[in-house]
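Participant: So you can see what is in the structure, the chains are spelled out below.
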Amino acid sequence: MVARLLEALPALPIVVPHLAAILLLLRPGRRVRRTLGLASCLGSLAVSVTLVLLLRGGRVMPIQAGGWAAPFGITIVADMLGALMVLIASLIALVGLVFTVASGRDDRFVHAGWQFLLAGINWAFLTGDLFNLYVAYEVMLIASYFLLTHGTTRHQAREAFGYVAINLIASMFFLFGVALIYSAAGTLNIAHLVERIPQAPALPVRAGAYMLLTAFGIKAAIFPLYFWLPHAYAIPPGGTAAFFGGMLTKVGVYSLFRVFTLVFPSGGPDPLLLWCAAGTMLFGVLGALAQEEVRRILSFHIISQVGYMIMGLALASQIGVAGGIFYILHHIVVKAGLILAGGAIEETHGTGRLDRLGGVARTNGVLATVFVICALSLAGVPPFSGFFAKLLLIRAGLEAGQPGIVAVSIVVSILTLMSMLKIYAAVFWGPGEPKRAPARLVIPAALLAAITVAVGLRAQVLSSLASTAAGHLTTRTTYVNAVMKR
Amino acid sequence: MAALVSLLAGVLVATGIYLLLARSLLRQIIGLSLLSHAANVVILLAAGLRGGVPVIGASKGTMTDPLPQALILTAIVISFGVTAFLLALGYRMHLFGGEEDRDGS
Chain A
1 MVARLLEALP
11 ALPIVVPHLA
21 AILLLLRPGR
31 RVRRTLGLAS
41 CLGSLAVSVT
51 LVLLLRGGRV
61 MPIQAGGWAA
71 PFGITIVADM
81 LGALMVLIAS
91 LIALVGLVFT
101 VASGRDDRFV
111 HAGWQFLLAG
121 INWAFLTGDL
131 FNLYVAYEVM
141 LIASYFLLTH
151 GTTRHQAREA
161 FGYVAINLIA
171 SMFFLFGVAL
181 IYSAAGTLNI
191 AHLVERIPQA
201 PALPVRAGAY
211 MLLTAFGIKA
221 AIFPLYFWLP
231 HAYAIPPGGT
241 AAFFGGMLTK
251 VGVYSLFRVF
261 TLVFPSGGPD
271 PLLLWCAAGT
281 MLFGVLGALA
291 QEEVRRILSF
301 HIISQVGYMI
311 MGLALASQIG
321 VAGGIFYILH
331 HIVVKAGLIL
341 AGGAIEETHG
351 TGRLDRLGGV
361 ARTNGVLATV
371 FVICALSLAG
381 VPPFSGFFAK
391 LLLIRAGLEA
401 GQPGIVAVSI
411 VVSILTLMSM
421 LKIYAAVFWG
431 PGEPKRAPAR
441 LVIPAALLAA
451 ITVAVGLRAQ
461 VLSSLASTAA
471 GHLTTRTTYV
481 NAVMKR
Chain B
487 MAALVSLLAG
497 VLVATGIYLL
507 LARSLLRQII
517 GLSLLSHAAN
527 VVILLAAGLR
537 GGVPVIGASK
547 GTMTDPLPQA
557 LILTAIVISF
567 GVTAFLLALG
577 YRMHLFGGEE
587 DRDGS
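Going line by line, the protein sequences match chains A and B. What the first sequence shows, in the working numbering, is residues 1 to 486, in sequence order. What the second sequence shows, in the working numbering, is residues 487 to 591, in sequence order.
Keep in mind that the hints were calculated from the coordinates and are not lab data. Beta carbons are placed, not taken as given, at the ideal position from N, Cα and C, and that holds for glycine.
Which bits of chain B does chain A cover? Going by a derived footprint, with three or more residues having C-beta under 8 Å, they are:
1) 517 to 523
2) 526 to 540
3) 554 to 562
Chain B is faced by these chain A residues, among others (derived, beta-carbon under 7 Å):
4) Phe-131
5) Leu-168
6) Met-172
7) Phe-176
8) Tyr-182
Extracted from the complex, chain A is given alone in its bound form:
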């Protein structure tokens, strides 16, 4: 009985938030609503922690939906990468929801949209089928469209329209890619594709791969497809922005990691992806330096940081991919922490403009500390988690004989630090009549700052988990055998 229940575990992070979302649409009262929303996030978190512990030894847990054996049915697969991503998604959903509740911006639509978004994100991380990934994306995106446009002004609705349009175009590329790959390989199950791609005709497969690269690249905001992001992420209030900025682009990055290691292995450093990575890092951080608003600066940093993750993927070695995965996890925590810290300032002062703020550190010591910790971690200063993430990537880069990308990544780190100092100097120092941000708005960000410190002090734990996850992607046989039941 217990064994049967354990086998069904990978489905729960998808099912629980879906059920919660449907219940939330039934107009429960405010107390019930908040309890249900937070409980669902906590439940998803608990399941994902269990999954990570179960899979620590290198196991892969597939579920064949409806009992249809792979590759004929829809496969749900929890491997280490998927489990870690679900863990981080549930954590950010929980912390972001706490902030949203604390700032009083939670009506029943926000709660329901939030759970649908979490369900879609978890689904994308756990599916083992390319078309099912598309469906998961759409569930996630429709929820995100809704959260983005809920309660907006006219100008914001326009920006949101652009976001919806660009995502629809990305979805079209995704479907083109799926069609090309299906016509060449005759399957869409990821494990089955691993086996059949080498025998499939090369031209449609390559065309399909580039279509998928474009689709995921738009969602992940890699160079030169990142232009939509700063507009879209300036719209929603702090809690939602943290969930978006932390998770949504990372679903695209995750898909790139999943597909461009397992299905289309490059076998060595990939020049196209390396150029994309370098461009993403550099142009993201240069964009950030030019901005004069907390949220916009942080949005451009999302782009720049995605470059580091793609760098790990482009190096294509196990340590490179492990570094990339470590970087994704670290970045999500730190970035959500920064956006929530910025959100606390915006909620208290009603603006995020650098020239209208000042002296916030005098009345908000804790908030300033939280911001500094996250900012230093983002820039890669020891002893925080960002240092170890960058260390792994730089080591992987040198081992792969790619000093160019390593140089770019170090320069971008320094520029990142500069633009973080710019926010700090303008917002936390200087003259001004700052108000005190209430503790309930500071606690969510403080929690994430504590996590980046803890990960930094115990980097070995996360890096061994990331290494296990990367092992499944680079060696491939464990994943394929588990799904195809051999």
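Chain A is fixed; fit chain B onto it per the hints.
Facilitator: Same frame as chain A, but now just chain B:
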């Protein structure tokens, strides 16, 4: 036949992009839905247009691959939902401002 259907997909994409570049919101929405139709046509092409019989009752080798039809059905439902959402969003922008131009103000 396949060449003709490929051409159809190309025309749908071209028309979709042309409409997407228009200033009117409604045209942009129609353009986006044409793009998703193009994707559906491409999936249909992926199965190969062999004109075989349906899968139930067919002997091995003569049937049409049923999977792309399932994929298209799913994609149609999704694009229906998104188009409905876009129309609602467009209506709200209309209520906000009166004119539906989407300039960069």
